[in-house]
Structures are given as structure tokens and as C-alpha cells.
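Following the hints, complete the assembly by docking chain P onto the known chain H.
As they're listed, the protein sequences go chains H and P.
With numbering that gives the first Met the number 0, letter number 81 in the first sequence gets 80, and the count goes up by one each step, no holes.
With numbering that gives the first Met the number 0, letter number 37 in the second sequence gets 36, and the count goes up by one each step, no holes.
Hint data in this document are derived by calculation from the structure and do not stem from the laboratory.
All figures in this text were calculated on a predicted structure; none of them were measured in a lab.
The beta-carbon is built from N, C-alpha and C at its ideal position, and this holds for glycine as well.
Certain hints may be false.
Unchecked claim - Taking beta-carbon pairs under 8 Å as the criterion, some of the chain H residues facing chain P (in silico):
hint : residue
1    : Gln-196
2    : Tyr-222
3    : Phe-303
4    : Gly-306
5    : Thr-458
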Amino acid sequence: MLFTTFEFLVLLIITFSVYYLRVFSKAQPYILLTSSLLFYGWNKPWLVVLLLISVLLNSICTILVARSDTGFKRKVIALLGVAMNVGFLAFFKYNKLIILTIFDSVSNLSPVEKMIYYLPLPIGISFFTFQGISLVMDVYRDKTIDFEWIKKHPLKFIFDTGFFLSFFPQLVAGPIVKAKDFYPQIRTKSIKDLNWQLVFNDLVLGYFLKMVIADNLKEHTQYISYPHFYSLSSTDLLFMVYGYSIQMFADFAGYSLIALGLARIFGYSLRENFRFPFISITFQEFWQRWHISLSSWLREYLYFSLGGNRKGAFRTYVNIILTMLIGGIWHGASWSFAVWGLFHGVLLAIEHFFRNKIKVPAHFYIKAVRALWVFTGFSFALILYRMQEYHHVFEYIETIFTSTAYSLDQYYRQFNVVLYCIPIVLYHLLYLRKNRLSQPVLSQIRVWSYGIMIFLLVTNTGTTGSFIYFRF
Amino acid sequence: MKKSIIIGVTLFVIYNIALYIIKPWHQKTMYPYWVIENYGKAQLYTRPDVKPKWVLCGSSLTAGMDHFLPDSVHSLAMTGGSYFTGIEILNQTGKLPAVIGVEINMFLRLPDVYITDDALNPVKMHLRNYIPGIAAYNQPFSFLAYALIGTKEKENQIRFTKENKILNPKLQKEHIVAKMAEYQDVFDSATTVEYLDYIAEQFKSYEAKGTQVFIYEAPMDPALYHSARMRTLRAHLRKMPFLFVEVPLHHKWKSVDGEHLIPSDFAAYAYWMMHKVPGMLEQHYAQRSE
Chain H
0 MLFTTFEFLV
10 LLIITFSVYY
20 LRVFSKAQPY
30 ILLTSSLLFY
40 GWNKPWLVVL
50 LLISVLLNSI
60 CTILVARSDT
70 GFKRKVIALL
80 GVAMNVGFLA
90 FFKYNKLIIL
100 TIFDSVSNLS
110 PVEKMIYYLP
120 LPIGISFFTF
130 QGISLVMDVY
140 RDKTIDFEWI
150 KKHPLKFIFD
160 TGFFLSFFPQ
170 LVAGPIVKAK
180 DFYPQIRTKS
190 IKDLNWQLVF
200 NDLVLGYFLK
210 MVIADNLKEH
220 TQYISYPHFY
230 SLSSTDLLFM
240 VYGYSIQMFA
250 DFAGYSLIAL
260 GLARIFGYSL
270 RENFRFPFIS
280 ITFQEFWQRW
290 HISLSSWLRE
300 YLYFSLGGNR
310 KGAFRTYVNI
320 ILTMLIGGIW
330 HGASWSFAVW
340 GLFHGVLLAI
350 EHFFRNKIKV
360 PAHFYIKAVR
370 ALWVFTGFSF
380 ALILYRMQEY
390 HHVFEYIETI
400 FTSTAYSLDQ
410 YYRQFNVVLY
420 CIPIVLYHLL
430 YLRKNRLSQP
440 VLSQIRVWSY
450 GIMIFLLVTN
460 TGTTGSFIYF
470 RF
Chain P
0 MKKSIIIGVT
10 LFVIYNIALY
20 IIKPWHQKTM
30 YPYWVIENYG
40 KAQLYTRPDV
50 KPKWVLCGSS
60 LTAGMDHFLP
70 DSVHSLAMTG
80 GSYFTGIEIL
90 NQTGKLPAVI
100 GVEINMFLRL
110 PDVYITDDAL
120 NPVKMHLRNY
130 IPGIAAYNQP
140 FSFLAYALIG
150 TKEKENQIRF
160 TKENKILNPK
170 LQKEHIVAKM
180 AEYQDVFDSA
190 TTVEYLDYIA
200 EQFKSYEAKG
210 TQVFIYEAPM
220 DPALYHSARM
230 RTLRAHLRKM
240 PFLFVEVPLH
250 HKWKSVDGEH
260 LIPSDFAAYA
270 YWMMHKVPGM
280 LEQHYAQRSE
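Chain H with its partners taken away, still in its complex shape (with noise of 0.2 Å):
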């Protein structure tokens, strides 16, 4: 189900209805929890099943980790409980990847190979997988979820549990949620509480940038594609590689927002995802910035795990550049995906390196010139999302240089990835601003803001597309 359809509305407004209910404030993570499989099954209910396996998997897993007197018999446990969720999404994800990888095409696999090779992608594994993973590592090192608790009532940590990995709002795309910090959020809520200001804001902003922004950026950009870009000019090549970007952003940071209105609508408190990324100054920011519950959640489960920058100054560079290669194939079961990883952990580590021995004026104007390096590098390498044979991507770039042709409409699309994208530096420059302006300014802008996006939304949406993470 997505979040701009009509079947969604109805379950929301059911859900909400009964949620807050007097009668059931003791049922409201089950009613969540039932309209969460609802969410999650209506178009496969197969679905369903995997992700209660996982629920159940991740829940006994954990169990066992928070009763096991010795420290080595709870490492091995949790040990086992990730290699689980990695297990469960290599079959899952990366079926296509290693099979071909193996044996080079698929005409020569027995019947068995092939029934895994065509299996499909469960939308939303790499997250409730990554989620599973925070949970077993959380109860593992202790951290703020208590143990007897969980020993006492193992049948309602498992609904819990339940309720944890299939939360509707981040269920399939995110933000990735850690266990620490979404089980001490379970409780029952009321709606005196409820901040509707900010679910407005969350809202608004989130259904604009999807809506708005990104369902009409992806027509232009549908045609960084083999061999369509030949009969493209530069200058449109060009608009077409940050187009993307903007799009990519609008797209997910949308959807992140959405999941934060959301889940406020039920009381609970969802990381920001995205932080004005295009305003970095260094990938590390960017990092920093980009899809935040990914990148602390590699930092914190994967880079620490790694010895981080505690094994020396070569080991840091290998631990950044492993942890970002394998941030990279989780995004996708292709190679390309594997590259684009590496590629931003080549750069964080020659960031790392440089870091104490140039210092950079920070005058604004380097800062505007290091902040459109970021964002071009950003840029270009999304290509690889696009186009997952590396020849064609070098083609792509080596045509926006050589490129003579006119294509048709070209001042028009030009000017539409232009109008669609201004929204986004707008965005941003208010935010670098923000301190310069007023308080009564300011709120007028937001209003104003706010005001302008509601009358777009009813006027000017795209036509409906699923959110790009959704395949990953």
C-alpha cells in the first residue's frame, strides 16, 4: 500500500479512529501492530508471513540473548541472531546477485537455483532486516532495554517485537528505527498529546517534495537511460544529473517525512532522516545530512563493530571504506550499487586524511564552491543508480561533453527540472538564513510556505509513482 493512495487514507482514518479510543488504550500497539500487516500485505499477503518469520526469528533470538548467564554464550547468540538477518536478506535480496555472480547466467541452473533465482524482492527487507539486527545488538550490549522485563514477558516482547520491525510508517522505507529507541516509546498514548502542528508540518512538507517535486522531476529524468541520452544535448544531460539528485531527495526525504507525521499521529517519535544535506560542505557532513537512521546505523552497528578509529590510522581508512561499500549494497543487489559505495568511501577517507593537514578558509564563497563539489560528486555518482552497466555511465558522462544534438523540447524540460528543483535551493537557503531573518519574518515565510505548498498539492502533483527506496 502506499502512502498516496486512497486505501491508505481509509486505514489511517479507521486506525486513527479506534486508536484513541478509551475502550482500547491497553490494545493500541496491537491495533497498530494489525494495521501495520494490514499495510503491509494488502497487494502480497505472502509478505505477511516472512515478516512475521522475522518477527519471530528476532524475538527468540533476543530472548535467549537477555537469559544467558555467560558473556560468550550471549555473544554467540547475537552473533547468530545477525547473521540470521543477513542470512534472511542475502536469500531474499541478494539471490539474483550471487547467483549470477556464481554462474553467469541463469539458463544453466537446476530447478531449485532457478525457484531462487526468480524469487521476488519483499519490499521493505533491507529494513525491518537492519531493524532486527539493531534489536538482538541493542539487547546485547545492554543498552536501555531491560532485560528482566524481557525474561518476564517473553509473549509480549514478541508482539512488541512485532509491532517494532512492522510499524507501518517506516516499514518499507524507512527511517531505520533502533530498538533502544523506539521500545522505551511504547506505551499508551493519548490524544491530548498529539503535536498537530508538527504532524501538519511533517505532512505537508513530506506528501510536497513526493508529490510535487519528485512525481513530476522523474518524467524529465527518465531519460538518463541507454541508449535514450545520445539524443540529448549537454546542457540537458547536465540538468538531468542534478535533476535526479533533487528528485532522489524530494523523493525519500519526502517519504521520511511522511513516516515522521505519521508515527506523531500515534505518539511516536521517529528520527529526522534528512538534515538540508545539500548545504555540505564535505561528504563527511553529507553523511552527516543523507538518510541519517542508514548512516548512524552503520556507524554505530558496522564502523564501531569494525574497531572504528580506535585500530589506527590505515584501519580507519579500511573500516570507512568497507562500511560504506557495504552501505552501498544494501541499497541494491547490483554491483553498481557496490561501486557507488566504494566511491563515497574512497572519498570519505581522502576527506579523513586531508582533514587536519589543509585548513580551508572558511570564507563563504569556498564554502559555496566546497558545497557544489559535494553536491556534483553526489550528483554524478547517482548515475550509477540509473544505469547499472559502468561502460554506459562513462558513455553518459562523456556525452554530456560531446554532445551536438538539440532534443525536442529541450528549453521546456530544461526549464521544468529548473522550476521543480527551485523549491529544493529555496529550502535550503532559507535554512542557511534562518538566523539572519527575524522571528515574525520568518513564521510569515512558513505560513506563506506552507500556504503555497497545500495549493500545489491539490493542483500540481505528478502522476503517482512508488517511492525509489522502496527497492531497497
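What follows is chain P alone, placed relative to chain H:
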């Protein structure tokens, strides 16, 4: 929150009043991209005040002519789709023009249900008539682009002057080679007959209500024109009792990618159709009445 909602609603009301006064849908607009164009063209046809003399149903091979057709022609040609979507809209609305032209190049493509569901949904249809601001053909950003970038005529002038740059030999070759493989595949005979029977049935019902109909094959690259698929299809169409407008000077048309003509050829074919087909129709129906 309240102030923002009031601003949003006020803007929407003002916008709708402006649309009521200007009625921009009576002029051809520039759509931001083809998907919105498909929705816009379909929705527009369901308006009671849109009463064209001609309707063309087809695919992008006809949609490319939209810029060059007179205002009396309403195009229900759907990029990425086929004549089926247009026929579905004609049937469901029951609104028939004086002449219907059906392009058959994308012969087996079924109707686009997203477009027909949206355009023909009775609730949405009525809402669009009373609240024009929610229609795809009235998107404010389209008008903004139209106002700032220029008119259809300006765009056409640019298209013609830059035509040599549109032709990319590498892309053209790759496309034609790929398309040739596809066009060698002849449609299954039974399915073809089934589809032709359906078209004939529709045409008879249109003619019974006084509408003239014709089938036409949009020009393509000569290689595709001579392909097995098109030759077989053409043979079937010649046997039908309706006017079949064959491609004039089929070896002369230039395409960008094998299927879609260059702008000046789209313009030339639109001009040819508007000047030649009325005479052909007159002659055809005169012969049939004899």
C-alpha cells in the same frame, strides 16, 4: 497551521475563478511531459464544452502531430499507448465528433486503464467541470512554463531550425536495428482478426450515429514500413469496408528513432492529412452510398 490552510484554500479559490474566466482549455497548451499530456487530453475530452469536429485516436506516432493540428481536431493519441484508449473514452463518454481517425501502428496495445479510470470516473469528471483547478490540463506550473518559455509556435520554430541536430545517426541506427527485430514478428492471425472485428464493430456503431470514420497508418522509417508486421497488417486493413488511409510517399519520411518522425515531417503529415483526408472521406462515403 490554520493560517496556512486559509492561504492554501484562498489561492485555490482564486485560481479556480481565474480559470473560469479565462477558460484556457479552449486553447492548446504545452504540457510539461507526456504522461500529464495523456491525462490532460483524456480529461479534457470529457468536458461538455469541448466539442471538436475531429478526433484522432492513436499512439505517440500521432501525438507528435498534436502541435501541428488545427484547433478543431482533438487528439486522443496517447504516448506509450494506442488507439484503444481513445476508443474507450469515445465509447464511455458517448460524445462523438463528425470524424474519427484511428491510427493502427501500435495495433495490439491495450487501453491504458490508469488514464481511462481517471478520465472516466464519474465523480472526478463532474468535479473537474466545476473545480477546473484539479484537472491535469490546468496545472499552474504548465501555464507558468508556457508564459515564460513561449508559445507552441515559438517551440515549433525552434524545432525546425534545429532539426539537423535532432537526428543522431548512432541512436537512429541502434533504434532501427532493435525495432526491425521486433517488427519482423508478425502478429498472430487469429488475434489480428479478433482486434479488427472489434474495431469494425465500434466503427459501425459510430457510423450509425452519423460519424465518419477512417483508419490510417502513421508514417515511419521506410525500413519499418516494409517490415513483415506492417505488410501483413496492411493487407488485413485493405480488406475492411472502411476508409484506410495509406502512408503517402512512404519512402520519404525521416524519423528520429525509426518510429517517430522529425518535427517537420510530423508537420507535413498533419498538413497532408488535414487537406487530403476530408476529400477521401467524401469520396469513400459517396461510393458506399451508391
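message = Under the constraints set out in the numbered hints, which ones does this structure not fulfil?
response = Failing hints, ascending: 2, 3 and 4.
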